[in-house]
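J.: Residue numbers (UniProt numbering), protein chains in the order written: chain A, 1 to 150; chain B, 1 to 150; chain C, 1 to 150.
Simulated from the structure, these hints should not be mistaken for lab results.
Worth double-checking, as some hints may not be accurate.
No distinction is drawn between identical chains; accordingly, a pair holds when it is met within one copy or between any pair of copies.
To be verified - No farther apart than 27 Å at their CA atoms in a straight line, the calculated lysine-lysine pairs in the DSS-like style are these:
hint: 1; residue 1: 39; residue 2: 49
hint: 2; residue 1: 39; residue 2: 54
hint: 3; residue 1: 40; residue 2: 141
hint: 4; residue 1: 39; residue 2: 24
hint: 5; residue 1: 49; residue 2: 141
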Amino acid sequence: MASVSLSDPAVQSYILYSGVLALKVLGVAILTSRVRYTKKVFANEEDAKRTKSKVKHDDPDVERVRRAHLNDLENIPAFWILGALYLTTSPEAAWATLLFRLYAAGRILHTVVYAVTPLPQPARAIAFGVPFMITLYMGVKVILHYFTAL
Amino acid sequence: MASVSLSDPAVQSYILYSGVLALKVLGVAILTSRVRYTKKVFANEEDAKRTKSKVKHDDPDVERVRRAHLNDLENIPAFWILGALYLTTSPEAAWATLLFRLYAAGRILHTVVYAVTPLPQPARAIAFGVPFMITLYMGVKVILHYFTAL
Amino acid sequence: MASVSLSDPAVQSYILYSGVLALKVLGVAILTSRVRYTKKVFANEEDAKRTKSKVKHDDPDVERVRRAHLNDLENIPAFWILGALYLTTSPEAAWATLLFRLYAAGRILHTVVYAVTPLPQPARAIAFGVPFMITLYMGVKVILHYFTAL
Chain A
1 MASVSLSDPA
11 VQSYILYSGV
21 LALKVLGVAI
31 LTSRVRYTKK
41 VFANEEDAKR
51 TKSKVKHDDP
61 DVERVRRAHL
71 NDLENIPAFW
81 ILGALYLTTS
91 PEAAWATLLF
101 RLYAAGRILH
111 TVVYAVTPLP
121 QPARAIAFGV
131 PFMITLYMGV
141 KVILHYFTAL
Chain B
1 MASVSLSDPA
11 VQSYILYSGV
21 LALKVLGVAI
31 LTSRVRYTKK
41 VFANEEDAKR
51 TKSKVKHDDP
61 DVERVRRAHL
71 NDLENIPAFW
81 ILGALYLTTS
91 PEAAWATLLF
101 RLYAAGRILH
111 TVVYAVTPLP
121 QPARAIAFGV
131 PFMITLYMGV
141 KVILHYFTAL
Chain C
1 MASVSLSDPA
11 VQSYILYSGV
21 LALKVLGVAI
31 LTSRVRYTKK
41 VFANEEDAKR
51 TKSKVKHDDP
61 DVERVRRAHL
71 NDLENIPAFW
81 ILGALYLTTS
91 PEAAWATLLF
101 RLYAAGRILH
111 TVVYAVTPLP
121 QPARAIAFGV
131 PFMITLYMGV
141 KVILHYFTAL
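When you get a sec, could you build the whole thing from the sequences and use the hints?
T.: And the structure:
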């Protein structure tokens, strides 16, 4: 029976890029906060009061960052779990490492084109689609490997 | 001290159903996109422009799929972590496997009755409640097992 | 090469507090439901019909609990993954345990001051900030440890 070892380069790559992506998700919270302070738009009474701003739930710039954040939550936790499960299927290390790298690069680019420097489509579609396909691929591989456990 | 082995059928079951649920969550993104294209309703200017649609944030069909998606995010990552932690408490394999199966079936049904074929209540309440109780149960088991680590 | 053992007190602490936080996230769903029933405000037609309530998406009390919930989703899954990855870097057990305890205490307090008993700022800012810094710290530690896997 295969096992997962911390000395496997694919496992180390998974740990590194999962950590990078976690920091990236947390970074979007900082970005949201910065946009809120710049535009003086808050979601809670007590925040608005403290900063002499107003409560507003439809500022286009704040909402845009919030959509980027939600898109992260819809995708990145799925990567964390699928990447870990995929490692238990004994993938070839160089291939797994390539997938993890591409995934992380795609999601970082997604945040940049969505929330930092809006670029015309299909920039965001590509930055979303490549990582999305990688998670689909890993999910299918996991299911095929453990199918007998149904 | 107990350990977790990939040859344990409960572990294999956890991996399989966690993978299935990750694909299911990703699938809701595809569903959202399909509803957006069908109804020609988008959240971003650049998407609306490209498809000659309009920006709208309150289309009832799109919002319904988005609520189903958010409900997934509120529940399924909790299953991923609690299922993994629960496996470290040496549960009986047949029982753990039954819980994982029921959880996955419930959440798939939840998406169907919420976002695909809206059914009258309490269909959605049951499809939400059974998996919810399973995660509560696993959480309590984990806490009782590791209580001394407080 | 280091490994992670269930007999390590830091690992047991991680498991305990990850389980506590998962139950806490699930608890906010119960809280949301309670506020919805008290104020008779629902998001779906079929729920409103069954309880003779109305569909409304901007009730301030419901939205406040929902923001607390979303804030959990933006932060706690990042803790689950970063805490697990951080354990693979062989941290000093007493220090790691302290971080996990503080994180859990901060996030529980965050929910209380956000969704149960609204307190004036900076109560919520502190309850958000301390756990946030802990996840940033663990993320940086993980990246520095696995930097060579880039």
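J.: Hint by hint, say whether it matches the structure.
T.: Hint check:
1. For the identical chains of this complex, residue 39 and residue 49 are neighbours both inside a copy (14 Å) and across copies (25 Å), given an alpha-carbon limit of 27 Å.
2. In this homomeric assembly, residue 39 and residue 54 come within 27 Å of each other (Cα to Cα) both inside a single copy, at 10 Å, and across copies, at 25 Å.
3. Taking the shortest alpha-carbon separations for residue 40 and residue 141, neither the intra-copy value of 47 Å nor the inter-copy value of 34 Å comes in at or below 27 Å.
4. Taking CA atoms no more than 27 Å apart as the test, residue 39 paired with residue 24 passes inside one copy only; the shortest distance there is 22 Å, against 33 Å between copies.
5. Neither within a single protomer nor between protomers do residue 49 and residue 141 lie at most 27 Å apart by alpha-carbon distance, with minima of 52 Å and 37 Å respectively.
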